[in-house]
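> Combine the two chains into a complex, taking the hints into account.
Protein chains in written order, with our numbering: chain A, 48 to 210; chain B, 3 to 104.
Don't read these hints as lab results, they were simulated from the structure.
On a predicted model such as this, the values are computed, not experimentally measured, just so you know.
Beta carbons: idealized from backbone N, C-alpha and C, even for Gly.
Just so you know, not all the hints are guaranteed correct.
[Claimed, not checked] Label pairs and their computed distance ranges (CB to CB): (1) A:Ile203 / B:Met3: 24 to 34 Å; (2) B:Ile99 / A:Pro187: 27 to 37 Å; (3) B:His91 / A:Thr51: 42 to 52 Å; (4) A:Ser155 / B:Leu86: 37 to 47 Å; (5) A:Glu189 / B:Gly92: 35 to 45 Å; (6) A:Gly165 / B:Gly92: 49 to 59 Å; (7) A:Pro187 / B:Met3: 27 to 37 Å; (8) A:Thr51 / B:Gly92: 49 to 59 Å; (9) A:Leu195 / B:His91: 22 to 32 Å; (10) A:Lys136 / B:Gly92: 20 to 30 Å.
[What the hints assert, rightly or not] Chain B side only, calculated, beta carbon under 7 Å to chain A, not exhaustive: (11) Ala33; (12) Val44; (13) Met63; (14) Phe88.
Each chain, written out:
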Amino acid sequence: MTGTVLFFMISGVIVASAVAMLVSRDFVRSVLFLLLALCSFAGLYALLDATFLALLQVFLYAGAVTVVLVFVVMLTRPQIADFSALLQKQTAYAALAVAAISLPLVDSLVRLVATLPGGGAPAATTQDLARTLMGEYAIPFELASVVLLAALVGAIYLAKEAE
Amino acid sequence: MVPPLYFIILGAVVFLIAMLGFLTRRSLIQALMCLELMTAAVALTFLAIGRTMPDGGLQGMAIATFIIVIGAAEVGMGLAIVMLYFRRHGDASTDDIDLLGG
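Extracted from the complex, chain B is given alone in its bound form (with noise of 0.2 Å):
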């Protein structure tokens, strides 16, 4: 059986990765593609650590099922609102986004 810590520092790792890629992208279809990332890294963190408990995984698997339903409600929300976003202003880039900005 694979050590729980190698999965553990994968999930770590490909959750930095999706981070940095979502603070230096400059595209909000990019940027939700990094949010899926680091979804799929948490989740499996989730279940290499539950895989380590006597029931044998299962609380793992049964959060690790909510997270994929979360992500799947985001990414379908997320998406429709870079639409609209599109629609109003022609440009789905995170730089034109700062009405909140001052």
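Looking at chain A on its own, in the form it has when it is part of the complex (with noise of 0.2 Å):
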């Protein structure tokens, strides 16, 4: 019943603080509204009993990804868009786009759900998910590593000012 209240209230959040990012005018906080959903993204990780994750997508991406993507906002100065001035046949083709997608996603996902098997089993700890990717998702693991290398080398390589 509580889990049920709290589910309700962090979603209001995190629709109310998407929307919020995607109409403000102002980029910085534009950024704070998406900071704070994946913020609220984390209480419902942690509703559903995976706190590793939560605690993964604080630092993650509260964290470093809010501070990176506030340091290009200021580096870049962009220009603040106007709503107005925005293609009104552009948006409502996007617009449409969304509809046509929501229709069988939302009825896939249902149906989908009615397949699943009901959830009655303890909740995988920390220990457990540590085992699963040391072990069977050993080779998966490495080639992340191996992924962020490269994010990280490619990153700087590009970001770097000519010579």
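What follows is the structure in structure tokens.
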């Protein structure tokens, strides 16, 4: 019962901050709304008993990604796009595309949930997750570290000042 | 326990809001922010479906971990590209990127 109330509170915050992020005229404010949404996502992960994922979300997304986003916003000083300046035609097409995707998406998800086994199992702990990542998922885990290294080197190479 | 359907519907709603933003925003940075939101929504869906499994959500958590790793790599590279583009053109708007437009 408490979980359901918490879920609706957090999901209200997420949807409101996602919409506010999109309509905000100020870039820094937009990034702050993104921060709020991502932190609220961490709350939902905790509600699903994924405590490690919730922490990872706060550290990585809310911490690192948001700070980097603020840095880039400050460095590039993007022009604040006025809503009336947006092409109405493109917005209409985009809304049409989203509406066209939403119906089959929600329909298939609802049908998928009907086939799921009922959850009654005790939640997996962080220890279990560590064993799985180092055992069954050892190769993807190592590949992920290579991907991160490649992204790091690539980002430094791209962003460095031209000689 | 909260029904998994709630989480999945919320994930779909946030994904669609972010997708609308990705298609309509004019700034590369805001497009990247929308991508981050879409990534988080997909991770939530994996966690919600994984939690119903007999293993107590272990597979869902493992997949969500990789999703977060990919998201971090993606935003790092994406922002580096934004910086590079800004340095060359003095602007970071998607309107000006039409080199492939013919």
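> Hints first: check each against the structure and report whether it holds.
Cross-check of the supplied hints:
Checked against the given bound of 24 to 34 Å, the beta carbons of Ile203 of chain A and Met3 of chain B, roughly 45 Å apart, lie outside it. Hint check: Ile99 of chain B to Pro187 of chain A, Cβ distance near 33 Å, so the stated range 27 to 37 Å holds. Taking 42 to 52 Å as the suggested C-beta distance range, the pair His91 of chain B and Thr51 of chain A conforms, at roughly 49 Å. Distance hint check: the CB atoms of Ser155 of chain A and Leu86 of chain B are about 39 Å apart, consistent with the given range 37 to 47 Å.
Separation of Glu189 of chain A from Gly92 of chain B is about 41 Å and conforms to the stated range, judged on CB atoms against 35 to 45 Å. Evaluation of the 49 to 59 Å hint for Gly165 of chain A and Gly92 of chain B yields a pass: the beta carbon distance comes to about 57 Å. Between Pro187 of chain A and Met3 of chain B the Cβ separation comes to about 29 Å, which falls inside the hinted range of 27 to 37 Å. Distance hint check for Thr51 of chain A and Gly92 of chain B: the Cβ-Cβ separation is about 51 Å, which falls inside the suggested range of 49 to 59 Å.
Range check, Leu195 of chain A to His91 of chain B: about 29 Å between beta-carbon atoms, so the 22 to 32 Å window is met. In this structure the hint that Lys136 of chain A and Gly92 of chain B lie 20 to 30 Å apart at CB holds, the actual value being about 27 Å. Interface restraint check for Ala33 of chain B: the shortest CB-CB distance to chain A comes to about 11 Å, outside 7 Å, so the restraint is violated. The criterion of a C-beta within 7 Å of any C-beta in chain A is not met by Val44 of chain B, whose closest approach is roughly 11 Å, and the hint is violated.
Checking Met63 of chain B against chain A by beta carbon gives a least distance of about 5 Å; that is within 7 Å, so the hint holds. Against a cut-off of 7 Å between C-beta atoms, the interface hint on Phe88 of chain B holds, since the closest Cβ of chain A lies about 4 Å away.
Of the numbered hints listed earlier, those contradicted by the structure are 1, 11 and 12.
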